[in-house]
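Residues per chain are reported as follows:
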Amino acid sequence: MYYYLYISYMSLTERDARSGSQLFNRIPVLRAERSLSRQDLAKALDISYQTVGYLERGEFNPSLELAFRISEFFGLPIEAIFSRAAFKPMSTEVYAHRRAVAEGEQR
Amino acid sequence: MKREVKIMAIKVKSQAGRRMLVAGLYAGYGVVVGALWLAQAVSVGLVGLAIPGLLLLGICHWSISQAVLEYSVWAPKSVARPDERQARVRDRGFVISYQVLSGVLCLGILYGMVAGDQHWWHPTAGEWKAALFGALLLSATLPSAVIAWLEPDDPQEIGDELVAQQKRA
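Note that the protein sequences, when read in sequence, are chains A and B.
Just so you know, the first sequence maps onto residues 534 to 640 in this note's numbering.
Just so you know, the second sequence maps onto residues 26 to 194 in this note's numbering.
Hint data in this document are derived by calculation from the structure and do not stem from the laboratory.
Among the clues, some could well be false.
Cross-link-like lysine to aspartate or glutamate pairs, in silico, EDC-like; alpha carbons within 16 angstroms at most [to be verified]:
#1 A:K576 - B:D116
#2 B:K38 - B:E95
#3 A:K576 - B:D108
Chain A side only, calculated, beta carbon under 10 angstroms to chain B, not exhaustive [as the list claims (entries may be wrong)]:
#4 L578
#5 G586
#6 F601
#7 E605
#8 L609
#9 P622
#10 V627
Computed from a predicted model, the values in this text were never measured in an experiment.
Built from N, CA and C at the ideal position, the CB exists for glycine as well.
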């Protein structure tokens, strides 16, 4: 019983981290690219702006339905926004992509 | 939680403030129980001591329920309905409350069973009734008190300030 009380007492973030189900996301970058405030995004997704903050910090895993709403809002596939592994910095990915394109052209 | 509640011009927004309200709520609860016990044991005139306790309990419970209003399914239309994270936080509050309440009730029942055999202090029918009313009050106040106690403060969101500045520019 004490174990269950302890599990309940843990924050949702701790529980997600403990169960190894933490999701990483690119919401802060995508939001910044579109010059949206948390309030704007929250209004568009019909959630509270605090929840946007929790999502961005990876402290709350969205439901599949909310993940789809986010993906539809940004016009990107879900796997471009959420990942089970940490994302590389956008600059690294852009540079790697450019380098791959340049190498392809050289061939 | 992030709703700002003003009590006698004091803003209650932080987790520390909410925790003080929860402490005040259960201190009021203790004062009421103590006053009723004194009234029964010493003099009926002392029942008036319960009034400040009741006031403290009422004010604190009202303030807590206002501070966690956005998590409630009975929130008025002016407050948005809880989203899925807030619903999860609310459910967690109910789960913890259930565990605490059932633990308290089990201990009470266990004591009642053992006390008769061991010739310990045994509550009278009136005291059992008072204890059950107490448990009812606890069940009504505990879920919002748990949420108010556990929910952390919002971290400062610096990014939003930058976006607002860009829009102003």
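(request) Would you list, in rising numerical order, the hints stated earlier that this structure does not obey? (result) Hints 1, 6, 7, 8, 9, 10 not satisfied by this model.
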